[in-house]
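Hints given; two lone chains; assemble the complex.
Heads up: the protein sequence lines correspond to chains A and B, in order. The first sequence begins at 1 in the working numbering and counts up by one. The second sequence begins at 1001 in the working numbering and counts up by one.
The hints are simulated quantities; they were obtained by calculation from the structure and are not laboratory data. Nothing here was measured: the structure is a model prediction, and the numbers come from that model. Don't take every hint at face value.
Okay, derived cross-link-like pairs now, EDC-like style, lysine to aspartate or glutamate, Cα gap no bigger than 16 Å in a straight line [to be verified]: (1) A/K203 with B/D1130; (2) B/K1185 with A/E65; (3) B/K1071 with B/D1130; (4) B/K1102 with A/E422; (5) B/K1224 with B/D1158; (6) B/K1185 with B/E1222; (7) A/K204 with A/E65; (8) B/K1102 with A/E65; (9) B/K1102 with A/E424; (10) B/K1102 with A/D421; (11) A/K204 with B/D1130; (12) B/K1192 with B/E1222.
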Amino acid sequence: MSQETPSLPPGVTPEDILQRAAIDKSTRLPVLFFFTSGAAWLLVATLLGLLASLKFVATGAFKYEVLNLARVQPAFVNALVYGWAYQAGFGVMIWIMARLCRTELRNPVTLIVAGHFWNLGVTLGVAGILGGQGNLHMKLLEFPAMVWPLLLVAYLLIVVWLVVMYSARRPGSGYISQWYILAACFTWPWMYLVANVLLNVFKKAGVAGPVIASWYANGVTFLWMVPVGLASAYFIIPKITGKAIHSYNLSSFAFWSLLALAPWAGAQELIGGPVPAWIPAVAGTAQILLLIPMLAVCLNHYQTVRGAHDLVAVSPSLRFTFFGAVGYVCTCVASAVLGSMSLSRYTFLSFTQDGVMMMGTYMFFTMAMFGAIYFIVPRITACEWVSGARIRLHFWLSAYAIIGLCSLLLIAGLSHGSAIDEWESSFETAVMFSKGYLVGRIFLWIFLVAANVIFIHQLVLMVMNRGRKAGTPTLIHQPTPYETAELVITTEGAEA
Amino acid sequence: MNSLKSFILTMGACVGVPTIVMTLVPYGTERGRSAVAYQSVPDPANPAAPPKDPEEMKGLYYPVNYSGDRKRGELVYIQEGCAQCHTQVVRPDYAGIDQFKKGSGREQEYAKDQPVAVRQTHPWDYMHEDFAMFGIRRIGPDLANAGYRYLDKDGRPDAAKVNALYQHFYAPRSLRGWSTSPSFKHLFNVVKKEKPEGSSDALVIPANLPLEAGMEIVPTDEAKALVEYLLGLKRDAPLPAAIAGTPPQVPAAK
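Okay, chain B solo, but in the shape it has when bound (with noise of 0.2 Å):
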């Protein structure tokens, strides 16, 4: 190369064409999106047309902003490393069968003869995040829609589902032998109980796992948080016609 000016020209060019359109194109789209309204009505006459967004949706928005203690959790989340080994994503079909493992969302029922799919995730549902919680690796099994394990049949947190995710925390091999998962013992304090039958917020000890007589286990404010996050997930809300234009998954009738 002869001259310097135009070797560094040429390679700013290489580099600098490519960085708009993989780096920068995709964040100016996603700057440029904004939450979508419901507007239409659903029209039960045709249910293989696209689905339409129900009538008591609208004037509503998706996807839904939220703050408090899920955006802390969401900081819990991201500092110790859950998105090392845990992923938010459900492919579509051509690409994984994500859509209908069981775990992947409400739980799997079966209509009739066809198993209901999840709907795979979309950029929508990540547009309130500085950076999609995409995972790194999926080690661990996928959170996209972690917050429907541990409802109740009505769709409230169940108690005894919650302890066991705290207790998932504390102590991983308590609940599941094959589990590989760190323990976050540091997201919880071991403190002697102030009443005989204990502060509201400690867990609930299965017998396997030992502690002291008169001690207890109280999550931190981290941990609270952390699963105030969790409880959260829920990305399979229907999307606006606007967004979701006629899904693949939807068969054709004829």
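Isolated chain A, as found in the complex (with noise of 0.2 Å):
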């Protein structure tokens, strides 16, 4: 780590060092307690993703109950997201917004009992659906009603202190990843206290719900994972890089349209429904708008890494981050695409709706999570991470997995859609027309199984500080003499 190299990078004084030697200490119990209890459901979310995906073709398999398909594609796809992806959010959320402010975290335990709480509460959801139990007709709000109350008070307990942060900041430090980070602390909050008071108390929906429950589901992707990702990616490519971020009002312009858009986008994939028709014209209007900021956001990433792009190759975090940027890119192109009249034919909620959530869960923000994991914790537990081989195999086992998985999943509702949108072919063909990707979707979610074992191992050994006591950062690849003293500089870089 750069604290213990003589030679210090430029504009940072050796106050910079132990400041935030003291924030790194003051978040690590938080933030560890996140990312553990996160990485934990990601090999929950996995394995039931595995199941889910074996028992949609081996459908024979494990006759339980408990782990019927219907119950288990569900419990999946929520422990996926808030057991997995809020969590690492959660500690990506507190450690740069400390660092940015520059304020140490005042109050580690609260965050670590309101941690808890949320984790009570998914393992109720998730209990609750396998019970059968669950909401399972209301999209990503699958959880019993009983849940949302207690996921609320624990998200707004964590996210008060990030608020707190942000107001005691060090004055001159604004920085666009608090932004992201300051707007992910209120968009979920409200939109799902919208979506449940709505759905769960008031209930006599009717047709308003299924669009109440696509419009939340999409801002889960691009209100709060799409803002969160985003801040870890302004804060950790300025890092690697060295360089500021190539401009302030591009990014400015891409944060207010992009909060701008995504809340009206979500109810397009109800095309067609009986729901009336604006509703989806100014969804899929918003949803193809939204690839603005996304250009915006690329452009503005793009000349910022120019010039620097041959640490994509050497540096773990960069190179997920870089993995989840290009993912951003999918996931909006993706939902632009597939919410077009003219497709929607064939993609009226279909395996694509999977696919393009496993995009904006995976391919975006679980390896944008990653990149930023090995950034932080480093950082927090002192020691380095144990192999960089490891991490390359990691990389490589997830992104082969994840791309192969969207794929199919897409290609694979796109031939059943267009099989059912057949005068002559029965339901049978259709089911046999998608059944071959869902066969080669077993294999992928084997890698996926896999590179996150690797990954929840590495960084169990840094969590019971049993990692490599070296001053340099682990890298992929062992880099050239010349690299060795650019990165040097670079991975402590100015502090935006």
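Right, here's the structure in full:
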């Protein structure tokens, strides 16, 4: 770690280094708590995902009531989103916010208590789904109705300290990542509250129900995962490359256009459904317009990384973040294209929806979170990742599996949907059309499980303080002496 | 951003307005919906005109609420995750061919040269549901008009077809080898026959379903409620003219 390196990067004083060390120490417990419990849920979710994909093909396997396909599938999605994605996000939000506000975290214990409540909520929710008590007709709101107040309160208890940190920040430390994190602090509880109050308290929603659920589910991706993932990318890219973000105005534009457009989108998946036609029309338009903030973010990141693309090969954080950025582009493009009128007749509520969900949650968000975790954990545990080769294996297994998984789901959805849309074909044909892709999906899930086992093993070693005690960061490839010199400078580059 | 307060206000406006338009407005519209009476009288002289309410429906309302076993069955449908793979939507012809697919409604009969379209589903069809059962994915067949699949020629539930429905829940592959539906065995009890002829509720087992001698498969109350719910799924009743307006699928006769 660069704290120990004798030569300091330009513009960094010894006081800065001491302050960073103090911040890292104060955030250590809650951040590690969220990363490890999130990783445990990631393992649960990938195993449930493997089981679900297996049961789609080997329909007779594991004949237990609680492991029924119709329950395992929603349990997997909800464990992945609320168990893993949110908790990894909490850890990254806390640490980046503390670093950027240059304030120590004053109340780590409150965060850990709130984190336990969150975990309790997710456990009750997943158990409720598997036990046959879930609202399995509401997309991403499948947890039993009793769980939502618990999750909401736990979330507010966690993010309130981020807002407090932001208002107590050192003057002159405003940065784009902080905005994104603040946005995520406010948007999710708002959407979750609105959706749950309308659907679980007032009820009698009729056709407004699916509209609200689609709006919420899209909001989870575009108003929570995208802000948190981009906050991490905006932090990590300048850190690793040692360059300031290319354009302040561009990042500001991308931020506000995302916030102004994303809350309109979501209901376009109901094109042709018995809802007022303006709803999918407005939502589909907003989803297409969401390509604009995506392009602005891409341009900004590209210009920032320009000239330092070699670092993607050596730095684990940058490589995962880069992959996540590609996943973000894919998510935006796929969401926009699949919401279009002409394709919707084939993709109406099809496997394509799962493909887009996996793109947003895994190809973009999870990979970005891996990048952040590879960056953050060495700084708060004071040891380095055990092996660059294992990080490389984790990357390639994940990348291969998730690209394959998303492609297979998109193709399976299109072929299934177009077979349903044929005059002559029976339903059997549609099932047979998608079957081959679903067989392929099982193998990709096995890769994903292997990747995550490697990741979790590494993370546990770090948490148990059994990482490498070396002064240099663990890299994916052994860099040349020239690159080493450059990396010492850049891994703790100018705080933006 | 200079001040936290202005940041929060701007963000509140960004997210607040779409929240009102995309969730509260549809929800308010839905709560303002009420059942509509059939009123007008058919006009045999001008068949191309918007559909008039049939005479025998005068004084009736659409839609009719449901309760009892059908409501309980709806809960079973939700908690067992049927909506994860089954939709209940018939899209209009610009968005798909749902209206004309075999099995999407009353069996498609061919009147002269023209196929009879099942009418597309309409917001009123879901008025009495807490959450319209559109479904999350369309991996299994659509169930918007599933109730028609289990009727005999006179429009009454057909015992053999209803038995096949139970069999689909108990062992889907014994009915259709290619089915990807999970088995819902936990909605059934395998019990010893009390009478030699067996219980009147028990499933009629086909030869390819192994069962020990002297045993029978009896559906639980949940399974019965679920079947009641499915038998009640008929979303093609003629709409009162006040709702229907001019239907797009009727070509104007000139």
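Status of each hint after checking the structure:
| no. | hint | in the structure |
| --- | --- | --- |
| 1 | A/K203 with B/D1130 | holds (5 Å) |
| 2 | B/K1185 with A/E65 | holds (8 Å) |
| 3 | B/K1071 with B/D1130 | holds (11 Å) |
| 4 | B/K1102 with A/E422 | holds (11 Å) |
| 5 | B/K1224 with B/D1158 | holds (15 Å) |
| 6 | B/K1185 with B/E1222 | holds (12 Å) |
| 7 | A/K204 with A/E65 | violated (30 Å) |
| 8 | B/K1102 with A/E65 | violated (33 Å) |
| 9 | B/K1102 with A/E424 | holds (9 Å) |
| 10 | B/K1102 with A/D421 | holds (12 Å) |
| 11 | A/K204 with B/D1130 | holds (4 Å) |
| 12 | B/K1192 with B/E1222 | violated (20 Å) |
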